[in-house]
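Enquirer: Sequence:
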Amino acid sequence: MIKSKKTGQVIVISSPSGGGKGTVISELLKRNKNLWLSVSTTSRPIRANDIPGTTYNFVSKEEFEKEIEEGYFLEYTNYVGNYYGTPKGPIKEKLDQGIDVILEIEIEGASNIKKLLPESIFIFIMPPSIKTLVKRLKKRNTDSNDKLLERFHKTYKEINEVTKYNYVVVNDILEDTIDKVEAIIKAEKCRVDRIEEVYLDTKEEEIHELLMEEDYDNSTITEKI
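Counting from 1, position 205 in the sequence shown corresponds to residue 205 in my numbering; the numbering is continuous, with no gaps.
Accuracy of the hints is not assured; some may be wrong.
The list that follows gives simulated cross-link-like pairs (lysine-lysine, DSBU-like), each with its CA atoms no further than 30 Å apart [unchecked claim]:
| id | residue 1 | residue 2 |
| --- | --- | --- |
| 1 | Lys88 | Lys189 |
| 2 | Lys6 | Lys164 |
| 3 | Lys30 | Lys139 |
| 4 | Lys164 | Lys30 |
| 5 | Lys164 | Lys180 |
| 6 | Lys115 | Lys139 |
| 7 | Lys154 | Lys135 |
| 8 | Lys189 | Lys94 |
| 9 | Lys88 | Lys30 |
| 10 | Lys164 | Lys88 |
| 11 | Lys164 | Lys189 |
| 12 | Lys115 | Lys157 |
| 13 | Lys147 | Lys164 |
| 14 | Lys94 | Lys180 |
| 15 | Lys33 | Lys92 |
| 16 | Lys131 | Lys180 |
| 17 | Lys180 | Lys114 |
| 18 | Lys61 | Lys115 |
For the record, the hints were derived by calculation from the structure and aren't laboratory data.
Use the sequences and the hints to build the structure in full.
Expert: Dropping the structure here:
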């Protein structure tokens, strides 16, 4: 019998702002009970559609900086003037329980995770076109024009970072996108280098004893040859 490690795996999912990663992750969680989303902490202002504790854990800039000093975060970054960080404790707890952890983080944060946890799965959700991306960002209409232009400028840079990821999935039809991400996760679980302990449970002597048993039906062996 082959035994593999029982700990969960980290799945990093990123996209440019407006790329649709939030919707993709939400649907993934509905379809997979063994997936858990790490809720990031941020110092950015709460938006109308935000749910504290679900969308993000919201803290002040001062509180965030205090948590940095206390070593609370696995990684953190500053994006468009706001802090975003990934808490360490809850992630370790879930991984130890054998639960796969999704990190919905910015590209800079993903680079930090790659240095700390290189065995993680890195998936980049790409919009079908720049035109679609611009439409999505305008539709959100949560930022000032200056902030929106800043996001557009940053988006071009982010898309060029896609080569740092293991996989890229174009988010055109949502259902297809989710199917592809699920397929990636399942395939990764079958990789040999993700198996921590590969060995045969049954020792050679035990097999010999089994073969020597008087009531053992050797026709089973013949049938398999």
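Enquirer: For every hint, state whether the structure bears it out.
Expert: How the hints compare with the structure:
1. For the proposed pair Lys88 and Lys189, the alpha carbon gap of about 23 Å is at most 30 Å, so the pair holds.
2. Between Lys6 and Lys164 the alpha-carbon distance is near 27 Å, which keeps this suggested pair within the 30 Å criterion.
3. At most 30 Å may separate the alpha-carbon atoms for a hinted pair to count; Lys30 and Lys139 meet this at roughly 25 Å.
4. Distance restraint check for Lys164 and Lys30: the Cα-Cα separation of roughly 28 Å lies within the 30 Å cut-off, and the hinted pair is therefore satisfied.
5. Using a Cα cut-off of 30 Å, the hinted pair Lys164 and Lys180 holds, with the two alpha carbons roughly 19 Å apart.
6. Restraint check for Lys115 and Lys139: the C-alpha separation of about 35 Å exceeds 30 Å, so the hint is violated.
7. Taken as a hint, the Lys154 and Lys135 pair is honoured in the structure, with Cα atoms around 16 Å apart against an allowance of 30 Å.
8. Between Lys189 and Lys94, the direct Cα distance comes to roughly 17 Å. Compliance with the 30 Å bound is thereby established for this hinted pair.
9. Using a Cα cut-off of 30 Å, the hinted pair Lys88 and Lys30 holds, with the two alpha carbons roughly 24 Å apart.
10. Only pairs whose Cα atoms come within 30 Å are accepted, and Lys164 paired with Lys88 is accepted, the gap being roughly 23 Å.
11. At roughly 21 Å between alpha-carbon atoms, Lys164 and Lys189 fall within 30 Å of each other, so this suggested pair holds.
12. Distance hint between Lys115 and Lys157 is fulfilled; the C-alpha atoms sit about 20 Å from each other, no more than 30 Å.
13. Among the hinted pairs, Lys147 with Lys164 is consistent with the structure: their alpha-carbon atoms are about 26 Å apart, no more than 30 Å.
14. At roughly 24 Å between alpha-carbon atoms, Lys94 and Lys180 fall within 30 Å of each other, so this suggested pair holds.
15. As the CA atoms of Lys33 and Lys92 are separated by approximately 18 Å, the hinted pair is consistent with the 30 Å bound.
16. Of the pairs offered as hints, the one joining Lys131 and Lys180 holds, with about 23 Å between alpha carbons and a cut-off of 30 Å not exceeded.
17. Pair hint Lys180 plus Lys114 holds up; C-alpha atoms about 22 Å apart against a cutoff of 30 Å.
18. With a C-alpha separation of about 25 Å, the suggested pairing of Lys61 with Lys115 holds against the 30 Å cut-off.
The earlier numbered hint that this structure contradicts is number 6, and it is the only one.
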